[in-house]
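Required output: the full structure, derived from the provided sequences and hints.
Residues per chain are reported as follows:
4 protein chains.
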Amino acid sequence: MPSTKIKGYEIYYEVYGKGETIVLLNGIMMSTSSWNSFIDVFSRNNRLVLIDFLDQGKSQKSDKPYDQKLQSDIVKGVIDELKIDKIHLVGVSYGGEVALNFALKYQENLSSLILANTTSYTTQLLRDVGKCWNYAAKNHDGRAFFKATMPFIYSVEFYEENIDWLKKREDLFVTIFDDAWYEAYIRLVDSAENLDIREEIEKIKVPTLIISAEYDITTPIRYQKVIHEKIQNSKWVLIKGSGHASMYEKPQEFASNILGFINTYDEEIKIV
Amino acid sequence: MPSTKIKGYEIYYEVYGKGETIVLLNGIMMSTSSWNSFIDVFSRNNRLVLIDFLDQGKSQKSDKPYDQKLQSDIVKGVIDELKIDKIHLVGVSYGGEVALNFALKYQENLSSLILANTTSYTTQLLRDVGKCWNYAAKNHDGRAFFKATMPFIYSVEFYEENIDWLKKREDLFVTIFDDAWYEAYIRLVDSAENLDIREEIEKIKVPTLIISAEYDITTPIRYQKVIHEKIQNSKWVLIKGSGHASMYEKPQEFASNILGFINTYDEEIKIV
Amino acid sequence: MPSTKIKGYEIYYEVYGKGETIVLLNGIMMSTSSWNSFIDVFSRNNRLVLIDFLDQGKSQKSDKPYDQKLQSDIVKGVIDELKIDKIHLVGVSYGGEVALNFALKYQENLSSLILANTTSYTTQLLRDVGKCWNYAAKNHDGRAFFKATMPFIYSVEFYEENIDWLKKREDLFVTIFDDAWYEAYIRLVDSAENLDIREEIEKIKVPTLIISAEYDITTPIRYQKVIHEKIQNSKWVLIKGSGHASMYEKPQEFASNILGFINTYDEEIKIV
Amino acid sequence: MPSTKIKGYEIYYEVYGKGETIVLLNGIMMSTSSWNSFIDVFSRNNRLVLIDFLDQGKSQKSDKPYDQKLQSDIVKGVIDELKIDKIHLVGVSYGGEVALNFALKYQENLSSLILANTTSYTTQLLRDVGKCWNYAAKNHDGRAFFKATMPFIYSVEFYEENIDWLKKREDLFVTIFDDAWYEAYIRLVDSAENLDIREEIEKIKVPTLIISAEYDITTPIRYQKVIHEKIQNSKWVLIKGSGHASMYEKPQEFASNILGFINTYDEEIKIV
Chain A
1 MPSTKIKGYE IYYEVYGKGE TIVLLNGIMM STSSWNSFID VFSRNNRLVL
51 IDFLDQGKSQ KSDKPYDQKL QSDIVKGVID ELKIDKIHLV GVSYGGEVAL
101 NFALKYQENL SSLILANTTS YTTQLLRDVG KCWNYAAKNH DGRAFFKATM
151 PFIYSVEFYE ENIDWLKKRE DLFVTIFDDA WYEAYIRLVD SAENLDIREE
201 IEKIKVPTLI ISAEYDITTP IRYQKVIHEK IQNSKWVLIK GSGHASMYEK
251 PQEFASNILG FINTYDEEIK IV
Chain B
1 MPSTKIKGYE IYYEVYGKGE TIVLLNGIMM STSSWNSFID VFSRNNRLVL
51 IDFLDQGKSQ KSDKPYDQKL QSDIVKGVID ELKIDKIHLV GVSYGGEVAL
101 NFALKYQENL SSLILANTTS YTTQLLRDVG KCWNYAAKNH DGRAFFKATM
151 PFIYSVEFYE ENIDWLKKRE DLFVTIFDDA WYEAYIRLVD SAENLDIREE
201 IEKIKVPTLI ISAEYDITTP IRYQKVIHEK IQNSKWVLIK GSGHASMYEK
251 PQEFASNILG FINTYDEEIK IV
Chain C
1 MPSTKIKGYE IYYEVYGKGE TIVLLNGIMM STSSWNSFID VFSRNNRLVL
51 IDFLDQGKSQ KSDKPYDQKL QSDIVKGVID ELKIDKIHLV GVSYGGEVAL
101 NFALKYQENL SSLILANTTS YTTQLLRDVG KCWNYAAKNH DGRAFFKATM
151 PFIYSVEFYE ENIDWLKKRE DLFVTIFDDA WYEAYIRLVD SAENLDIREE
201 IEKIKVPTLI ISAEYDITTP IRYQKVIHEK IQNSKWVLIK GSGHASMYEK
251 PQEFASNILG FINTYDEEIK IV
Chain D
1 MPSTKIKGYE IYYEVYGKGE TIVLLNGIMM STSSWNSFID VFSRNNRLVL
51 IDFLDQGKSQ KSDKPYDQKL QSDIVKGVID ELKIDKIHLV GVSYGGEVAL
101 NFALKYQENL SSLILANTTS YTTQLLRDVG KCWNYAAKNH DGRAFFKATM
151 PFIYSVEFYE ENIDWLKKRE DLFVTIFDDA WYEAYIRLVD SAENLDIREE
201 IEKIKVPTLI ISAEYDITTP IRYQKVIHEK IQNSKWVLIK GSGHASMYEK
251 PQEFASNILG FINTYDEEIK IV
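Protein chains in written order, with full-length UniProt numbering: chain A, 1 to 272; chain B, 1 to 272; chain C, 1 to 272; chain D, 1 to 272.
Derived by calculation from the structure, the hints in this document are not laboratory data. These numbers were taken from a predicted model, which means no experiment stands behind them. You may find that some hints are simply not true.
Just so you know, same-sequence chains aren't split out, so a pair can sit in one copy or run between any two.
[Stated by the list, open to error] Derived EDC-like pairs (lysine to aspartate or glutamate); straight-line CA-CA distance at most 16 Å:
1. 86 - 108
2. 69 - 40
3. 270 - 161
4. 240 - 229
5. 18 - 161
6. 138 - 179
7. 64 - 183
8. 240 - 214
9. 225 - 157
10. 225 - 63
11. 138 - 73
12. 270 - 40
13. 131 - 170
14. 225 - 214
Pasting the structure below:
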């Protein structure tokens, strides 16, 4: 799979299928490989682009601090490299924040914007959560890191039903996450620390879908309310019974919502 | 547009487009013409079938009481007439109740089942609401009927924003609804009075999507919880900020959810 | 029990017990006798005053339209008659609206203000609901009236559990509500039609408790949110599992909340 | 203030006021001194008993693991020492869990039971949260510990409004929490790890009030639903706008609910 140099960093990406382009932006702990189960469904009628952000997956590690605006420039770099003019940009959590930043700078490249489990500003509470995660990450201790982060990611319902799978994931964390991963992770957390674009996002005019999850405690529903109120005519749906990682807990509902929006965003249905 | 004789009644239906078939079943006060704004979006990649139930729109009026099972037989009659084997069956409210009945009797004809703002049983409260509606209907007084029914149909948010449109609709009610319409309407309400298939719907095994609306007071979210708990692996989403008539209040979200599900129901996304 | 002439009308009231005074203001369909089960608990350590509003219970009927400001003057008249300076004013629904009006005009007479299931403005939807109720009332038909109003008053949960009690109440409606009752009722509904004091209630500075009910569809939680945001430092609690008539559905929680607030309102508990 | 030997441990407690006895049981990070602001309001008409659990505040530290049943025996020991027969037992979070255990063993000593922000079982997710807290505690690093725990304790709304107060608390953590405190804290967390009395609590028949908080993510509303469904006729209220530490975020509502219940629990209000 290809990579390209953007802003001085080697950035890894993957491309599948044909049709209008969907770009999926990762959450903070994810990478292109997190989307394996989704490749078929999203590339059936669309070109699908996956990207590892700077400091994620197979992309280069950074040697200095940065913010999410740089990540949005990286997304722009990838679509330029692919000579794509218009994309449906889908972001989850951290990826949604980057997507908002992208929309503010490169709105003309967007056919639509889809924000799952996203906030437009890092609250004081989220900042402390991030610092706690970084604290666990600094010790490069997979089990501690897992226990510091997972309760923010999954609903208690998912936890109870999938405890064996979760414990296997914890074993995996211990095995595969090395020091470099943790250092990169800490920089990713820090890059979101000062996010606050509440006053700017009203400039976003492209068709926008906001996806909330009922039991999301990391970016709870009222965070998306802020976005909904600012982005005029944004559409807003909620996935029942899911925690923050709606793509993992309710993958079918997650994909269905996104593909439904992409298939209908350009067809205004006028009733009133 | 065609009609056909089913169970002794002349039943009106409309067909648009090509592809896998979507059948949209009306709410109680609706008719095929209520879907005008949706024809384009639903027939773009699909064959779309609209049906006026017995006692609705251009279908024949009944001369005796009946229940929703008869309406599900009527749906079956239409798809047989069209020689269609598999359908995506979408029902809203009353139509969702008929869709559930259809699924219980003709499950082999379903590719998927989509239930918007639906209940699996008529509660004592809904029964009294129905009787109040019939009381207003019996007087064939459009303004009274409008005020008895609309507060159950729309959210207060929609009411406030669209009061002029609503008042125009009220004027319309007065003009177009004649005695025969009210008599038919009363029979439709009565046909749902004894619905209670809570214990049966666990037999439904086809991919099912349940759509709730945040401010639905006629079939509130907890009615759909009953359905979700009974139909194994049913998917469940909620449209934010909408009342009972989610297709009118949030048409884009309504269509998007349905088309997204129809595009993904056969592609199992396995994470855990 | 005594009555007194206020604003030209003979107003009926009842007084029980000793201590700081609690005045309970009726909902629209209630009267002093609706509080029978509550007299003991509210008069144990307090003086309790019950009042039939103009056009309610044993108070005089009006011969012309009026608004809720007149009802608040009537409350003032009763406490003046009783030579009471300070009261805890508790209103439910219509009574809460009168209580808000009272607070705007006679704030110096309030020790505290308690608003159960209350709105600060009559929405377009509520206006239509009121007109539907009046439509049923105009026919002086108890059964129709019952079915037009009860689904707005009780939760579906209460309905299912207490259907026999409700049907007995319906029989009672038919028996005891006479033409004069219905005429008075219609005037009461009309007196609330133009309520909109959203912009004024920020002037209310007395300790205020707002009580919502989880399943209230007549004055849903978001109506109380408006009040909470306007009245600085107002306290806000919610009774789980109850519909609009929280005093009937959850009498213990209703009384407990009120008495708890009355016992603590003057003792500021400072943590931060 | 006195202490007494119970089960071999020196247990510290405080007693204020006269009247029916209220016993307030601490949350896990609290001590008797956490209730300073509440002493006046709770002892005005009642005898108030505060207790430091084993491993809390001025009570003795344990030298071995234990579970919450031991803590309930300690509560029993204190009231025996005080020769009190009947108490209103109020527990918050960890204290609520001990209160449930107390009710199962010493129900005859209860006038009423009040459970704020309580669960009847430690979910897998809570267990991992506990382990994360212990991880931070093991390093005896106040700032890390603060950031690991506070986001579970307070709502984002409280966080935003009181960030200065929170930062001062963090400074305090660093200063006053010594190694012994952290060791004790870890044992307290471990004592709750295996809580699961879901199948037993239906035996609780005393008047019970359940207090939820709208934004509680540690013991969210659906944890209290389990308790409400099991304890017959338990009453259930919710404090709007509060996180897990409802006593800190909404002290007035917290105290009001408790005192209201204590003043009304013995006065059955019968409507239906």
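>> If you test the structure against every hint from before, which numbers come out violated?
In response: Numbers 2, 5, 10 and 11 - these are the hints that the structure violates, sorted from lowest upward.
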